[in-house]
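Protein chains: 2
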Amino acid sequence: MLPIMPETIHVPLSGNRFTITYALNASEEDAKLMAKGICFEQTVEFPEKHLPKGDIPDHIVGQIASFEKVGEHRFEVEISYAEEVTGYELTQLLNVIFGNVSIQPNVRVQRLGLSQNLLNAFSGPRFGRSGLRELVGVQSRALTCTALKPMGLSAANLARLAGAFAEGGIDLIKDDHGLADQPFSPWKERVRRCADAVREANAKSGRHSLYMPNITGPAEVVFEQAHEAKGFGAQGILIAPGLSGFDAVRTLSEDSDFALPIMSHPSFLGSFVTSPASGISHFALFGQLMRLIGVDASIFPNYGGRFSFSKDECRDIADGTVVEMGQLQPIFPTPGGGMTLDRIPELLELYGSDVVLLVGGGMFDNGGRILENSKKFLEAIAY
Amino acid sequence: MLPIMPETIHVPLSGNRFTITYALNASEEDAKLMAKGICFEQTVEFPEKHLPKGDIPDHIVGQIASFEKVGEHRFEVEISYAEEVTGYELTQLLNVIFGNVSIQPNVRVQRLGLSQNLLNAFSGPRFGRSGLRELVGVQSRALTCTALKPMGLSAANLARLAGAFAEGGIDLIKDDHGLADQPFSPWKERVRRCADAVREANAKSGRHSLYMPNITGPAEVVFEQAHEAKGFGAQGILIAPGLSGFDAVRTLSEDSDFALPIMSHPSFLGSFVTSPASGISHFALFGQLMRLIGVDASIFPNYGGRFSFSKDECRDIADGTVVEMGQLQPIFPTPGGGMTLDRIPELLELYGSDVVLLVGGGMFDNGGRILENSKKFLEAIAY
Chain F
0 MLPIMPETIH
10 VPLSGNRFTI
20 TYALNASEED
30 AKLMAKGICF
40 EQTVEFPEKH
50 LPKGDIPDHI
60 VGQIASFEKV
70 GEHRFEVEIS
80 YAEEVTGYEL
90 TQLLNVIFGN
100 VSIQPNVRVQ
110 RLGLSQNLLN
120 AFSGPRFGRS
130 GLRELVGVQS
140 RALTCTALKP
150 MGLSAANLAR
160 LAGAFAEGGI
170 DLIKDDHGLA
180 DQPFSPWKER
190 VRRCADAVRE
200 ANAKSGRHSL
210 YMPNITGPAE
220 VVFEQAHEAK
230 GFGAQGILIA
240 PGLSGFDAVR
250 TLSEDSDFAL
260 PIMSHPSFLG
270 SFVTSPASGI
280 SHFALFGQLM
290 RLIGVDASIF
300 PNYGGRFSFS
310 KDECRDIADG
320 TVVEMGQLQP
330 IFPTPGGGMT
340 LDRIPELLEL
350 YGSDVVLLVG
360 GGMFDNGGRI
370 LENSKKFLEA
380 IAY
Chain P
0 MLPIMPETIH
10 VPLSGNRFTI
20 TYALNASEED
30 AKLMAKGICF
40 EQTVEFPEKH
50 LPKGDIPDHI
60 VGQIASFEKV
70 GEHRFEVEIS
80 YAEEVTGYEL
90 TQLLNVIFGN
100 VSIQPNVRVQ
110 RLGLSQNLLN
120 AFSGPRFGRS
130 GLRELVGVQS
140 RALTCTALKP
150 MGLSAANLAR
160 LAGAFAEGGI
170 DLIKDDHGLA
180 DQPFSPWKER
190 VRRCADAVRE
200 ANAKSGRHSL
210 YMPNITGPAE
220 VVFEQAHEAK
230 GFGAQGILIA
240 PGLSGFDAVR
250 TLSEDSDFAL
260 PIMSHPSFLG
270 SFVTSPASGI
280 SHFALFGQLM
290 RLIGVDASIF
300 PNYGGRFSFS
310 KDECRDIADG
320 TVVEMGQLQP
330 IFPTPGGGMT
340 LDRIPELLEL
350 YGSDVVLLVG
360 GGMFDNGGRI
370 LENSKKFLEA
380 IAY
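Each protein sequence line maps, in turn, to chains F and P.
For the first sequence, numbering that gives the first Met the number 0 assigns the number 0 to the initial residue and increments by one for each residue that follows.
For the second sequence, numbering that gives the first Met the number 0 assigns the number 0 to the initial residue and increments by one for each residue that follows.
All the given hints hold, so there is nothing to weed out.
Any copy will do: because identical chains look the same in the list, a pair fits if it lies in one copy or spans two.
Capping the alpha-carbon separation at 30 Å, the derived lysine-lysine pairs in DSSO-like fashion look like this:
{"hint": "1", "residue 1": "K310", "residue 2": "K35"}
{"hint": "2", "residue 1": "K48", "residue 2": "K310"}
{"hint": "3", "residue 1": "K48", "residue 2": "K68"}
{"hint": "4", "residue 1": "K203", "residue 2": "K375"}
Calculated directly from the structure, the hints in this document are not laboratory data.
All chains should be modelled from the sequences, with the hints used to inform the complete structure.
If you want it as structure tokens, here you go:
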């Protein structure tokens, strides 16, 4: 039997290419082999010797656009891919960026260099920094955020908390990301009560605090759940792309009937950034990718809290929320995780005022005096 | 103002608990602190000193069920959680298992010890090993699997390949996981043509090869796409939980109108297993979790191919596909990734005959003689 594939394949391609920069931890010789390997692994996943001639090896296979030494035993390679291999869809774009190479150690995604044409396939953040500022009516200072917790409180108790935070003037009041649809605080009851409490407090104060419930519903009802939250009066949502899927977040952000701001939670995503040699950089994951899927505020664990991100990694994330990405708006870096009010001056120094500062458990210091603590939070921010 | 939370909280709980075993890389003193930290981090995420008394600290917070030294600077802690904290939903279960601790280095999920009541919330694999054997009409030998590739071929060429593989008697013919909805091979055309080709070959041979197209559609249409594939004559699907979301896979597996076997691809999941100190074990991720979401055959990169899994890690995965998990059926470990036909005896020795062996690019050796290579594959399996 003759070989079944044609000798030459002609594929209609635009010639537009985008780039992904990978860091490779290896000797120069190995790094060069790895770079070439990525070109094949992320596209044809096929032995070079068996490829038919023509457009497949010439254009479909990734191409090394640059290769440079950036440190001892560390190289950066920029690989360009034909836009068409992504099908202009997020799932396949993620697959091209990091699908199979995620399984190869010592390869790390550093930066996305998406082409304008590819970026045009995404709407990006519906609100971004300026849109979110408009919603809460805060023009220049940093925004304040807190979380309703602990898990185990009843919906009524969580609503009392939500009302108190709104009365205290906190801008964004989100569910803790562990609040789902649990028997001790059923989702519908919680969202309805908390939204009511925040609305009532806003009516009294004239402010515009937003209540953002956690969306964790099963895949078949997640969009319905988000719309239901809006129906109950929620003014935004919290969602974890690692749990609900990156594309579910993108879908919600592009849904013009939904049209509420989206805050992302890093739950289940930590393994991507655990190792400096593998995974995805803080910059690309919590900055660029969150913007690509339409997140307006990207939560990540701040340095010096209960987690292990360094100050530099946090700065990288902030850079990724604003780096040029065509028409995609800048979004808010949202550091949290064990933050206390006394650290606010230091955080403002690092992040500037284009930041959402998330203080959760720390709002219960001082005997749980929510109004007093909220006032302190706002004073610290204003300072 | 008085503290806003009641002094004592009573929460209605069944008393049923499940366990997750984590490996901790640290000194004994640090590991004990980390274990306690996980109990709080994965549930209330709240400072212990501020918790109201009663059921929240007594039952909602995780509990250390066992703690033991398993190696130098390595400990295993089994933590039990109240079933109710999961809301009996996958997204929140994943969040409890590894949500926030994914962001803490030196913590690794080793094993899931799900309670019967919690397992009852999941249907698990619809086919499993025995169901998939019935579909392909193969009672005892290992199953054969190959992939349609390379990306860049037209739908017509891919269909020629699919027909040849079916004629050659390959049991499972899947799309390469990089085939999405690209202009050079549009999804609908490809799935229709490939399904037709496999059906025609089956009609001639009397065999039951299954064509399993890759499902990568956007979140808002992914279920529709899977049903469409079935309408076109696909007899199973390939899907990557890391790209489409774990819960999307679970939803499909529980959809009784869909009711086709599901093969999972490890794309984008590699970072969970890159470090032996962090992430999720091979056993739990590619074995237990894939079963929990209803996968029937779990693809992973075999040792000695283009990837870096060790022989022991591959054996662990195989163990995870069959370990007791209540009513959840055993599924097929499906090693692949740079496999060649000459390695089959060695693989059968490791995995036994309850395995799906995936040979992709290797089927194009020997001048691309598909029929001849398929015959060799079957002979090697039979031996």
